[in-house]
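Asker: The residues making up each chain are set out below.
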Amino acid sequence: MLKFVIRRLTFSIPVLLGILIVTFTLARAIPGDPCLAVLGERATPEICETFFRRNGLDQPAPIQLLIYMRNFAQGDLGESMRFHRPVMELLVERLPTTVELGAFALLFAISVGVPLGVLSAYRHKSALDVGTMIGANIGVSMPVFWLGLMLAYLFAVLLKDTPFALPPSGRLTPGANPDPFYIVAGWIAEGAEPPGLLRFISRINTLNAILTLNWELLIDALRHLILPAVAVGTIPLAIIARMSRSSVLEVLNQDYVRTARAKGLREREVVGKHALKNAMLPVITVIGLNFGLVISGAVLTETIFSLTGVGRTLVDSITSRDYTLVQGFTVVIAAGFVLINMVVDILYGYLDPRIRFN
Amino acid sequence: MATTRPAALQPESAYRSPNLWLEALRNLRHSPSALLGMIIIGALVIIAIAAPIFATHDPIKTMIGVPGETGRLPSKPPCIPILGCEEPQHILGLDLNARDLYSRVIYGTRTSLSVGVITISLSIIAGTTLGLIAGYAGGTADNAIMRLMDVILAFPALLLAISIVTILGPGLTNALLGITITFIPQYARLSRASVLSIKEQEFVVAEQALGANPLRIMLAHILPNAITPIIVQGTLGVGTAILDAAALSFLGLGAQPPTPEWGQILSESRNYLFTSPHLVFFPGIAIMITVLGFNLLGDGMRDALDPRLNRN
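Here the protein sequences line up with chains A and B, keeping their order.
The numbering used here applies: residue 1 is where the first sequence begins, and numbers increase by one.
The numbering used here applies: residue 1 is where the second sequence begins, and numbers increase by one.
Just chain B, with the same shape it has in the complex (with noise of 0.2 Å):
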């Protein structure tokens, strides 16, 4: 009877990636929604950054009276050069005030970005802040915290963001700081339960049998092992974000004319919209196409870092 022996393990490395961040960066590169978020997020950021380099005009300059301008106002029918009219100065033509769509949409990238990006970082650090010690503290602590939580859950997005602005005033910044309150329960929620789950391991008990201060336990050996659920889920809070701050525009309480910002173009131009579509259709399209940078990104990224999902 021959004596099967069991085939030589292979060395470690060769199954085991040494990071997770490599074997998601890995993932990422092969999953086709991913890439094309990086792209459109990669291409708006260039956008954004170099604003008047794209930029045709200024963006908050009206056009009347300036030598060589038509002054064609919107109430006539539009005149788009990309649709084949021709009128080279104005590639999507003039909005109401005279002044230059194309421009004020290049420039409304840079608002929109880093509103999105800046409510959903505070957002994640409050949030965490608030999960990481709701969990690791418990009772009171992690009560008193929670229930806020819930309560600030209890009311819609929209509704919570608007009420707070119309505290502080309308105003961006205002608007920012109200969509950030709304943003903080998903990540202290997040945290919270990823510190509930990481508390009990051996490697953290071990910790705390050294003595090891409870903040260096939370910020080296929690934080770090809770943090990817929250960066997926604040991907994709980006686009959502940027969602918000131009409805709040929209009402009125975000970013103040004349700011070129994409919710407040579209307020300004909504009662022509029978009569220049264009003026609502572009900015409009603009807010579509980076929220979905966004959201096409944070799915890649969620099924780049679920181990669960990487088995099959």
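So here's chain A without its partners, still in its complex pose (with noise of 0.2 Å):
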């Protein structure tokens, strides 16, 4: 198992090298004058000078690529050049946005996709699984974007007044500014620079709320997340539940759970024990892949509901030139995208030793 890890990790390297390659390359190839872009009408030909000196810019593409990857092995993406502030400063605001709101999207995905697929597979050909099939159907139609939006109309506009209300945008009631869980636990004095670790945590608002124990604050922040959850997580639900649904249908037709009917199983135990384990393998995998749809929906799920998060930094950057931001988060995206699909491996090797010994 060692080997096949070590294996695995060793492939991730060019494909990271050509990652950091390929992002600077992006980056320099955005058309413009970053001096421009970021400094307006101040933009002298000396002041650029300066500008371009002080972000590295004078000197020769491949050397500025060969500071950029020393830099980024010790953890230092540069500083943003429109907000002034370290891009990992930047990314550690901002990520935890773009993490609550993928993992709760992907829970959500999982947590219906699986038992729907697993179901309709179960009852093949019944009412439920013609539904569960013509709903993944237009599930996996529909432009995220557009759902968002419906989903905003619906429940903030015409569900107005009931309880059934959400918030169209932000990430909590505005006003509130909950306090993070190392000063309520008196970790940290109030004002002293907490490490980064700490602040990135209790930006995630949840975790932060489950943290302090505080119930209110988890509920609101739980309702802000639903209506962008819900929208990016059904592509990834609807491809969930049509490859679990494959996946059981193609496992109950094998000989080893006839071979486990036979035996007089409980049908709890067949489906649970013989069918299910088998038939997450390819779910799986599934579920690896569907990291790149929930940053794409991200980006466009973050405009609709006004949440400042890496998707909504990044495109707004991207528009201003800004560089080292653009480098920066785009590398992390990438580099996170590869080490889950890493992750995804490794986990699909341990759970099937023929692909660790092939």
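In short, the hints are calculated from the structure, not lab data.
A hint or two may mislead.
Cβ-Cβ distance ranges computed for the label pairs, FRET-style [as the list claims (entries may be wrong)]:
1. B/Val45 with A/Pro31: 29 to 39 Å
2. A/Pro31 with B/Ser114: 25 to 35 Å
3. A/Glu190 with B/Ala126: 54 to 64 Å
4. A/Pro31 with B/Ala126: 16 to 26 Å
5. B/Thr140 with A/Gln59: 43 to 53 Å
6. B/Ala126 with A/Arg268: 48 to 58 Å
7. A/Glu267 with B/Pro229: 33 to 43 Å
8. B/Thr140 with A/Glu190: 26 to 36 Å
9. B/Arg147 with A/Leu281: 43 to 53 Å
10. A/Arg28 with B/Phe54: 41 to 51 Å
Pulled a few chain B residues facing chain A out of the computed Cβ check, cut under 7 Å [said to hold, decoys possible]:
11. His57
12. Ile60
13. Lys61
14. Val151
15. Leu158
16. Ser163
17. Thr166
18. Ala246
19. Val280
20. Ile287
Glycine included, each C-beta is placed from N, C-alpha and C at the ideal position.
Using the supplied hints, reconstruct the complex from the two chains, each of which is provided in its own coordinate frame.
Answerer: Shown next as structure tokens:
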């Protein structure tokens, strides 16, 4: 197993290097002068020269790339040209929004999609099966941004003043400014600079609410999360439901399932212990692959629900030619994507020994 | 003891169809989802070709100051004749610039269908070529091509498309190119996998032994045997490409106003969601139906063309 993990890890290194080079090149290829874009009317030739020197843009591109790689290895993503703050700091501030949104979207997709798929396979050709498949087909065909807008209209306008009303924007009720858990717990004095990891965790509102036992905050955060998470999670849900269904259908026809039944095992054990375990392998792969969809969905959904996450910041920064931020955020997202695929592969190898030895 | 004689074999034509495609077409006829998909796509193609006949108005003409027009803007409650409101001129009402929404949605069919089909055709051509070369040549070429594909796949598709369009500049053509690039790796991987499995088969080895030109082997022998999964994947891909193009237009990077494109119409009217939701509703439904059509046909084709499924 260890050998397999190491082999898989070494496979990821060239891809990561490739990502660094491609992102670097893409960011340089964005047309327009970054100095003009950032400084606007203040951009005189002298000021621009200083600007280029300070941001390392006066060096030849290959040197810039090498410096960039060295800094990246040290966890330094440079300073955003637009916000004049380290990209890492912006990431700590904004990534939690996207991580929380993505996690809830996937949670929604898995917790609804897998049972639906398994049930429709088990009751093959029943009304539930046909209904699920029609729903899944419609689900994968919907534009995320349209679904988001429609959900916002339904729950914030049509159902306004009913118990089902949900807020269409933001992460918390305006004015709510919850204390981070490390201050509530007295770990760090107010005003002191806490480590990035603690700030990152405290910005995941639901997690912070649980850690501070603030249930009102938790409910508020969840209410704000429902609509965007459903919008982002719908396409993955449909894909996961279809995959679980076809995978369970295939397994249910296998000889070992018949053998298990012939042995007189209870149906619950046949399905739970024999069929599901094997049927879940392809489903896990599909869940891993859906990470990309979740990120794409987050870019669009954050724009609709006014969430200052990674996706929205990235799109804004592309238009304002903030090289360092675009580079930093894209690299982190792509690296996260590679990492998740790697974890899925390793998990797959763990669950299915045939893959490990091939 | 009676001797049992084996039953006479039926002629081969009775259990084997002469042509995979004919068989597939026969299977497609029996698949309700493929039929529905074909009907939807057929209807959309007719609408796209005959858009001037279906549309009631010029899709980019503003109706302000036009004789006989009320100039009702959507800030007023939506007035939609098919929902029982009497205003016969505009079936879905007017948009924010007082243009006929129905005609804009009708003309949008042209944009979306062509974007979907062109993107996928381009990425199939590029991806299949790369995959064929990688699979047939092997070695360094294979490694270089496939690692590049891995890197492209490492980026979430929409994000990569956004970056590419930003570099090339917003616009429909560039959006099309951006989406094309994100789709190439799928087809490269598919065709490479097919080549690898076909390359070792006897008919190819025989051809090689006869000294045939590699290009001829690839095009005449390997490609026809590798094309089925690519076509299925392509049909499913058209839907995704249409969704991506709409998303880019929604972000302001695709089709530019006043071009009637569904994503762009949505983007224009999204700030008026709470007062005139119908402006957002109809273009979205149009996107959904189109994508659904391609997905249904793709699913049906996969079932029809996959010989493994036919055995049951």
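Asker: All hints are to be evaluated individually against the structure, with a verdict given for each.
Answerer: Results for each hint:
1. Against the hinted window of 29 to 39 Å, the Cβ-Cβ separation of B/Val45 and A/Pro31 comes to about 37 Å, which satisfies the hint.
2. One distance hint, 25 to 35 Å for the beta-carbon pair A/Pro31 and B/Ser114, holds here, with the actual separation near 26 Å.
3. The beta-carbon spacing between A/Glu190 and B/Ala126, approximately 58 Å, falls within the hinted interval of 54 to 64 Å.
4. Distance hint check for A/Pro31 and B/Ala126: the Cβ-Cβ separation is about 24 Å, which falls inside the suggested range of 16 to 26 Å.
5. Checked against the hint of 43 to 53 Å, the pair B/Thr140 and A/Gln59 fails, with Cβ atoms roughly 32 Å apart.
6. Judged by the Cβ atoms, the range 48 to 58 Å given for B/Ala126 and A/Arg268 holds: they are separated by roughly 50 Å.
7. Distance hint for A/Glu267 and B/Pro229: a CB-CB separation of about 36 Å, consistent with the stated range 33 to 43 Å.
8. Restraint check, B/Thr140 to A/Glu190: a C-beta distance of roughly 60 Å breaks the suggested window 26 to 36 Å.
9. In this structure, B/Arg147 and A/Leu281 break the distance hint of 43 to 53 Å, their C-beta atoms being roughly 26 Å apart.
10. For the pair A/Arg28 and B/Phe54, the supplied restraint of 41 to 51 Å holds, since their beta-carbon distance comes to about 46 Å.
11. This hint is violated: B/His57 has a C-beta 24 Å from the nearest C-beta of chain A, more than the 7 Å allowed.
12. Hint status for B/Ile60: violated, given a least beta-carbon distance of 22 Å to chain A, over 7 Å.
13. Because the closest C-beta pair between B/Lys61 and chain A is about 26 Å apart, greater than 7 Å, the hint is violated.
14. Checking B/Val151 against chain A by beta carbon gives a least distance of about 4 Å; that is within 7 Å, so the hint holds.
15. Taking 7 Å as the C-beta contact cut-off toward chain A, the hint placing B/Leu158 at the interface holds, the least distance being around 4 Å.
16. About 5 Å separates the beta-carbon of B/Ser163 from the nearest beta-carbon of chain A, less than 7 Å, and the hint is met.
17. A distance limit of 7 Å between C-beta atoms decides the matter here; for B/Thr166 the minimum to chain A is near 5 Å, and the interface restraint holds.
18. Because the beta carbon of B/Ala246 sits about 5 Å from the nearest beta carbon in chain A, less than 7 Å, this interface hint is met.
19. Taking 7 Å as the C-beta cut-off, the interface hint given for B/Val280 holds, the closest approach to chain A being about 5 Å.
20. Taking 7 Å as the C-beta contact cut-off toward chain A, the hint placing B/Ile287 at the interface holds, the least distance being around 5 Å.
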